[in-house]
Each structure stands twice: as structure tokens, then as C-alpha cells.
Amino acid sequence: MMITFRGLKRSLRLSASSAVVLAAIATPATAVDFEYSGYLRAHYSMNLSENSTWQDGVTEQKQGGKGQLSMERYSGKIEHSTDFGIFQLGGVLRATEDKQTDYEHDLEKATIKGPAALTNHDQSLNPLFGPGPAFPPGFTGVDLAGAALLPPGVSANSAGLCQAGASASPPLPGAQSWCDTTPFTGLNSSTFGAGAQSKFGKDYDENNFHDVVRELYVTFDVGDRTHFKLGKQQIVWGETDFFRAMDVIHGYDLTWRSFLELENEELRKPLIMANVEIDIPELDGTLQLVYRPGWDEGADVGTTAAIFGGRWSPQPWSGNNVPASIIGPNNYHHSKGDEDDANYGLRWSGVWNQIGYSLAYWHGLDNDGITVRNPIAGGSTNYGKWEQNSAAFAGYVPGSSQNLTNLISPEVDIFGASMNAYIETMDLVGRAEVAFTPDKPYNTGTDTYVDLLGFGVGCADGAAGSCGGGLLPPFMVLRNDPQNMAATAYDPYTSTNAGITMAVPGLGKVVEKDTLRIMLGFDKNLNTMGLLGTQRPSFWTMQVFDTWITNYDEDDDILELFGYGAKKREHTAILTNAITLNYDYDTINPGLAFGVDLGSADVFIIPSVDLVFGDHWRVRLEADIFLPKKSKHENLGFQEGSTRLLGTFDDNDQLVARITYQF
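Okay, so the sequence shown: first residue is 1 according to the numbering used here, each after it adds one.
Please keep in mind that the hints were generated in silico from the structure rather than gathered at the bench.
In this text, a Cβ means the ideal position worked out from N, Cα and C, and glycines have one as well.
Accuracy of the hints is not assured; some may be wrong.
Below are the DSSO-like pairs computed for lysine-lysine, each with C-alpha atoms no more than 30 Å apart in a straight line [claimed, not checked]:
#: 1; residue 1: 630; residue 2: 109
#: 2; residue 1: 66; residue 2: 199
#: 3; residue 1: 62; residue 2: 567
#: 4; residue 1: 513; residue 2: 629
#: 5; residue 1: 509; residue 2: 524
#: 6; residue 1: 269; residue 2: 199
#: 7; residue 1: 513; residue 2: 269
#: 8; residue 1: 66; residue 2: 109
#: 9; residue 1: 77; residue 2: 199
#: 10; residue 1: 567; residue 2: 629
#: 11; residue 1: 109; residue 2: 232
#: 12; residue 1: 629; residue 2: 66
#: 13; residue 1: 199; residue 2: 99
#: 14; residue 1: 232; residue 2: 509
#: 15; residue 1: 630; residue 2: 567
Distance windows between CB atoms, simulated [stated by the list, open to error]:
#: 16; residue 1: 93; residue 2: 274; range: 41 to 49 Å
#: 17; residue 1: 531; residue 2: 223; range: 52 to 60 Å
#: 18; residue 1: 657; residue 2: 585; range: 39 to 47 Å
#: 19; residue 1: 99; residue 2: 599; range: 55 to 63 Å
#: 20; residue 1: 603; residue 2: 525; range: 24 to 32 Å
#: 21; residue 1: 223; residue 2: 642; range: 35 to 43 Å
Build the full structure now, drawing on both the sequences and the hints.
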């Protein structure tokens, strides 16, 4: 259940003679109406579990953090409106200050190192160079001993870490010995120049002008039927909690509180738009026209995931700053999705036979986002073109850079519908939303790898013949089976043996699939006064979300989450429930929310209590508990194939206190 405390509004009537600044634009009316409300708020959270990811890839020391503060955040917000008669000015101001905790300081230090897990395949380099100086077997392990891959003079084979198929120890020159796909060693990716320090103060704080002014708009009417709202604003088409179907216009900021903050508007990212509503009473409805001219900053579009190594980075990506690392930055101006391009849509909402309904269309950016890979990894990006240049690599592969991927938000078309109606026989309000996206792009490759010692680069997928190459660039050769010394997914150098591999699922081609998102839910008041002794009936809401790929083909090898090896299912269904009880005249309000992935049985549970003290003070206490059936405990770079969305929250259990003074 979403509860929004609006606060007490004070209406101040300012005489026109004293409102000097507004006099030039005020109407001949004798007064200007000004209203405001807001809050001062503090968030605190404490870890209830140990973070099992590495703080250092060489020592393989765990992050830990149980019992430590993971959030100390302070914020202030003001909602204001000024009525000048013929038009109104409105807006929302919010400033935040996120104090770095000791736990976050350790995470920030880890991002400098970029701990990762690698498999050293311990190959002789003779077959790679052909005739020439002979390199001793185990050269790879010996040469990289300084990076703590192996002690000097010890190879993976001689240490007994290779498969039984490697009979010679040490291996003969050119022998094809290899190690299990279970990595046996850690490394800091900064060794390869891939470390990227996060600055959590910059990532979390919202104290520059652009961020503080969350909304600022003007509203006015033209005639009795046409209503304009122009400026930075939020337009909400969906009516759901936790997950979304029809709420497609805006992305969300999931960095500081993930999806768990009580009010959606605190996480939704406002956009600069023109919003026009035309009342058509003859049809019992309203036509809404929305136009986004593309004036927003790049980070304002799409959903911002917690992938810079912070407190909500998915397990096991904490301690790795993905957008600033070798994996790749956000590209807000990609040919398949440019935030400067205009977006637009329309929505018809009405009432028919006491059933509220809406029909909508939106042409905009996919808030989910995808990755496009660099051709230097072997194989073309196949989705748009690679659009990031680097002078350092200009002579190596024209038009490429050292980044493995770019993160983009592609343009899509979305067709949606919703309905709600009171069902008298069941005494509840039923709700439904559907959103259909034709040709929605997805990443593929549940078992793709990067070979840090590969030698073939810049080749088209599956192409035969030679392609450009060089010695030990930051990464090379995208592979789908590092155990197979010959087979590669995207590189014709089929005789090249694997060197040092790192599992990075999601580096296959981008495929487009028709996708239908469905939400079915209801709201009901339960009579808990006798059974539980509540002050009044308790509000209960339940929702089922399903993402259905209607033309699903298992052979497409679609990934559920980039960086995780689980294959996406045809149906991804999640059930959520929430109930709020009310005691002592609504001053003590315990609640319970939970959700379950119906395909994997992963669960989250959120018990809470909201306390009301007079007109101004509100305190919310909650526990966020995640119970995934399967999750990736190994570090970034290990191979796994079972972690799904709720599994990425493993080891993120926490206690949360939110203290609010509202006015």
C-alpha cells in the first residue's frame, strides 16, 4: 500500500500592493494565492547480513558489513503552488545530503580495485605466436605472478588446478590443457586498467540546481475544456506498487533506496514536457496529449540502476563501478536511443458503465535499457553502430574504444490499456493494466566470456578469415565456451587457446521480441476490527505482474539480467501483497508487504510500522528481508546460471528508520 503524507498546507494571501515582484504579471484580482507543504526527513539503514563480495580480488577478503550503517541520508522537500488567476505556477524542490558511512567507505575503496574472478587457462604461448622464441609451459601463470594470479614458478597445471584431461605436468609445448570453468583465483581489474572509483557523495546527493528543482511548471486553461501543464513534471499513467506496467513515461532512480521507498514520486525522475488534457464530457472522458521535446539531461531519462558499486548494487556487483569501468558507460546519444530526440504519446481515459478505463500510446525510450557491445570484443554490435571513439585505440581498431559495452535506452513504441471497477459481489476494486511493446530489445548470451589475453579482434560474427589483431590489449575475443580450446562464439580465430577468461553474460547479439506486460490486482477493506482489534477496516492490496514474451524462442538465449547467466523465461510473474492495520486512531499503523517470484520462488518480506505524533512528526520503521531460493554468491566474473531479479538482493537485508517532520 502506498501512503502519501501531504502535510498541512498553509494558504497565504498576499495583497497585490505588497507583492512587488509579482505585480507585473498578476491579474487585476486583489490577491495572489500561495500554498506550500513539505517535510524535513532523515533516513537510516543498518545491514542485517554480511556482504559476501570481495573487497580485494587478490586477498579475496569479503566486504562484510553486518551491523553497520548502510545509509545516513537527510532531505528536505517543498511542494508549492501560486495562483495568479489566469495561470498558476507550481513546483517541487528537494535537496538531499547523503553522509558516507564506514560501510560505504569500504565499498568506495573497493571500486578503485574492481575485484573480479578469473580463470587462468595456463596455456603455452607457442601456438599463438608460431615460429619464434619458445615460451615455457605455464608462462601465463608465471608471468602474472606479480598480479597474484599464481606464485612465481607455479602454473595452474602443476598446482593440480586443471581438468583431468591435461595429462602432462608441466604441459608439453603447445599442449591444450585447461582449467575448470569454476575460477580458482581473484584479481583486481585495476591491474588491467579497469578500476574506476565511485564518488558516493556525487552519486547520491541532490544539491545542485538541476536536481533540487525536481518539478517546475505553469498551468492554465484555454476555454472550459482544455488544460495545459508545461514544464518539468511527472505524468503517471499506472497505478501500481513496487513494479510497473503502464507507468512507462518516466524512468526511476533506484540507486539510493532501490524500489523500496514508500512513495513512487520520490523515485520517479521528472521530465520537461508539455501536457495537455482536453475534456470531452459527451463521451465521459478526457484526451491527454504529451510531448517531450528532448531538453532533459541524459541522466534524467531511463531507469538509473544501482550499478556504480554502492549500497544497493546487485549482488555480487558491489565494489564495481560499472559505468566508469571497462564494462562500459551510459551512452545517452546512441543512434537507437538519443535522449535529445522528441518523445510523444496520448491517452484516452473515461468511464463506461461505471468502469474506469484508459487507452494509451507512447513513443519514447525504453526505461529498462540494454547493452551494446564493442566490436573489439569480436563481432559487430548488430544493434545500431558503435559510437564511442577513443584516441588511444584509434590506430588499433578504427572507431572503437577500450570499453566493452555501452549502456543505452533504445526507442520503443508502447501500447497500453487499463481498467478499474468496483465489484459489488466481492466488495473490492479490481484493477488491470497491460502494456504491449513490439520489438522490445533484449540482450542475449547466458554463457559469454571475455578473454583478457585474446588476440583476435574486430571481426564480424561468424566471419571466416583474418581480422586485425595485436598483443595484449585490455580485452579481446568474446567466447561462449572457455573449456573448448577451439570454439569461440564471435571470433574466427578458432585455433586460439583460451588465456585468462572472465564470465560476462549478456555479450551476445541483441534480439527484438514482442513483449506484453500485464498487471492484475485488487484493493479491499478487510474487517479486522473483531479479529485483530483494529480501529477500522484494514486496507489490503494484491497484484500479479507478468512479463510475457509472446514470440519467445528458447534458442534466442535471452538473458534475464545482464551480468547474470539465468535464461529469461517466457513468463516472468511476480505476486505482491500488502496490508496495513490501524490502531489508536490511526497513530499506530503496522503493515506487512511481501512479494514472490512465481517462477523461482524468490521472496521479499517487508514488515513495518508507521507512527504518528501530532500534526507534524511521522516515524516509519521497517525491515527489508530478501529470501532468494537461488542467488549468485560468487564474485563478479564467476560463471553461474540461476540468479534472477530478487536474487540480486541477497545479502542486502536491513533495518530502516525514516523520521519525518512535515509542514
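Okay, the hints, checked on the actual structure:
1. Using a Cα cut-off of 30 Å, the hinted pair residue 630 and residue 109 holds, with the two alpha carbons roughly 28 Å apart.
2. Proximity of residue 66 to residue 199 is assessed by CA-CA distance (about 22 Å); at most 30 Å being required, the pair is judged to hold.
3. The hinted pair formed by residue 62 and residue 567 meets the criterion: a straight-line CA distance of about 28 Å does not exceed 30 Å.
4. Taking the CA atoms of residue 513 and residue 629, the gap is about 28 Å. The hint holds against a cut of 30 Å.
5. Distance restraint check for residue 509 and residue 524: the Cα-Cα separation of roughly 45 Å exceeds the 30 Å cut-off, and the hinted pair is therefore not satisfied.
6. Distance restraint check for residue 269 and residue 199: the Cα-Cα separation of roughly 21 Å lies within the 30 Å cut-off, and the hinted pair is therefore satisfied.
7. Of the supplied pair hints, the one linking residue 513 and residue 269 holds, its CA atoms being roughly 27 Å apart against a limit of 30 Å.
8. Restraint check for residue 66 and residue 109: the C-alpha separation of about 18 Å stays at or below 30 Å, so the hint holds.
9. Proximity of residue 77 to residue 199 is assessed by CA-CA distance (about 24 Å); at most 30 Å being required, the pair is judged to hold.
10. The hinted pair formed by residue 567 and residue 629 meets the criterion: a straight-line CA distance of about 16 Å does not exceed 30 Å.
11. A threshold of 30 Å between alpha carbons decides the hint, and for residue 109 with residue 232 the separation of about 36 Å lies outside it, so the pair is violated.
12. Restraint check: the Cα-Cα separation between residue 629 and residue 66 comes to about 21 Å, which is no more than 30 Å; the hinted pair holds.
13. A C-alpha spacing of about 12 Å is found between residue 199 and residue 99, which places the hinted pair at or below 30 Å, so the restraint holds.
14. Restraint check: the Cα-Cα separation between residue 232 and residue 509 comes to about 36 Å, which exceeds 30 Å; the hinted pair is violated.
15. Using a Cα cut-off of 30 Å, the hinted pair residue 630 and residue 567 holds, with the two alpha carbons roughly 14 Å apart.
16. Look at residue 93 against residue 274: about 22 Å separates their beta carbons, and that is not inside 41 to 49 Å.
17. Between residue 531 and residue 223 the C-beta distance comes to about 53 Å, which sits within the given range of 52 to 60 Å.
18. Hint check: residue 657 to residue 585, Cβ distance near 23 Å, so the stated range 39 to 47 Å is violated.
19. About 39 Å separates the C-beta atoms of residue 99 and residue 599, a value inconsistent with the hinted range of 55 to 63 Å.
20. Hint check: residue 603 to residue 525, Cβ distance near 26 Å, so the stated range 24 to 32 Å holds.
21. Checked against the given bound of 35 to 43 Å, the beta carbons of residue 223 and residue 642, roughly 59 Å apart, lie outside it.
Going down the numbered hints, you'll see the structure goes against 5, 11, 14, 16, 18, 19 and 21, while the others check out.
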